[in-house]
Amino acid sequence: MAPRILLDATAVPADRGGLGRYVDGLLTALHTAGADLAVACQRADEKRYELLAPRARIVAGPAALAHRASRLAWEQSGLPYVADSVGADVIHLPTYTMPVSASLPTVVTIHDVTMFADPEMHDPVRTTYIKSATRTAARRATRLIVPSRATRDELVRVLGADPSHIDVAYHGVDHEAFHRPDQAEVDRVSDRLSLHGRPYIAYLGALEPRKNVPNLIRGWVRACDRLAEAPALVLGGGGGWDDEVDAALATVPLKLRVLRPGYLPWSALPGFFGGALVVALPSRGEGFGLPVLEAMACGAPVLTTRRGPLPEVGGEAVAYTEPDPEGIGSALTSLIEDPEHRAKLGAAAHARAQEFSWTASAAAHLASYQRAIDEHEASRESRTH
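For the sequence shown, this note's numbering assigns the number 1 to the initial residue and increments by one for each residue that follows.
Among the hints, erroneous ones may be present.
Listed next, the in silico EDC-like pairs over lysine to aspartate or glutamate satisfying Cα-Cα at most 16 Å (straight line) [unchecked claim]: (1) K255 - D225; (2) K131 - D118; (3) K255 - E229; (4) K344 - D374.
Just so you know, these hints were derived from the structure itself, not from any lab. All figures in this text were calculated on a predicted structure; none of them were measured in a lab.
Using the sequences provided together with the hints, build the complete structure.
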């Protein structure tokens with residue numbers, strides 16, 4: 001009989017973001033694979049998960065879970081109670097934290113460990129808490145799941161985690177949501193941005209130091225300052241913090257155009273990515289690089305860096321740059337001036353993106369859950385002898 005998996009989705013934020021896309025994609029694929037599922041979630045997400053996984057047992061927690069401090073407290077006592085009430089065999093925590101007194105096997109996803117190697121690139125308010133939670137999970141969880149080999153290797157290097165207890169499960173991409181857009185989709189996004197067909201360089205993500213947005217701005221200026229008709233720079237997304245962004249924007253010549261539309265609707269992303277001259281994501285550190293994969297799935301020519309797991313995602317189907325303004329500027333210039341190369345990259349990126357699926361990711365997760373159950377049972381038997 002298949003084990004019952006309790007997936008704790010209570011940490012998913014209202015804006016969905018990367019964690020939301022991970023949980024949604026994984027949950028849908030696990031349900032399609034026939035997994036026996038229970039889902040703990042915030043009340044606002046109850047209907048959403050009922051639609052994504054109709055056969056799953058959905059347990060909405062108290063209203064206070066919308067507040068982070070209350071959620072963390074509930075996770076220690078309320079989540080084990082839910083696990084017991086639904087008859088779970090294993091608990092999956094999809095982000096860092098875990099109930100330290102859980103009597104069941106626990107699997108925790110560690111998305112990245114860049115805050116250990118480069119803490120200055122992260123929000124200092126969150127860094128201390130997440131580092132502590134990651135250390136606890138690395139020490140106490142039955143198994144860890146990471147989205148890339150690079151993240152696994154860093155987890156071993158910086159925390160001394162046991163590699164035999166770490167499973168790599170690449171993220172997938174929703175190929176219906178992220179697809180090559182038709183011209184109407186491209187035009188709608190272009191008009192929404194008031195570009196009306198004008199070319200643009202696209203960025204999507206939080207404004208965090210590790211995302212390297214200030215150097216992207218400076219590199220774009222280097223590439224476009226002398227062009228008669230320069231592409232605009234569109235910085236999509238929101239949240240995060242980076243004190244250098246405004247300083248970099250202040251140096252942009254008046255003839256160049258920067259747009260900051262904030263969060264873009266999910267339905268607009270294929271047109272946004274696929275309609276861009278280049279999607280530039282020159283990150284200094286990632287755990288996986290989901291926006292890179294999503295842009296690839298939309299057939300966009302992508303410029304990123306060789307940092308961390310990004311080459312595992314992009315392979316030879318994307319262009320690479322060093323993260324400094326000079327490197328970014330030179331790479332953008334080459335891409336802007338070579339439409340044939342951009343077209344080849346877009347085709348290669350779309351083809352490579354087909355190799356990533358939530359179905360494959362779910363299979364890797366299910367294998368990790370079973371290993372956790374087997375190891376927990378073996379440990380319990382050894383204690384009784």
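TODO: Any hints from earlier that this structure breaks? Give me their numbers in increasing order, please.
DONE: The structure conflicts with hint 4 only, although it agrees with all the remaining ones.
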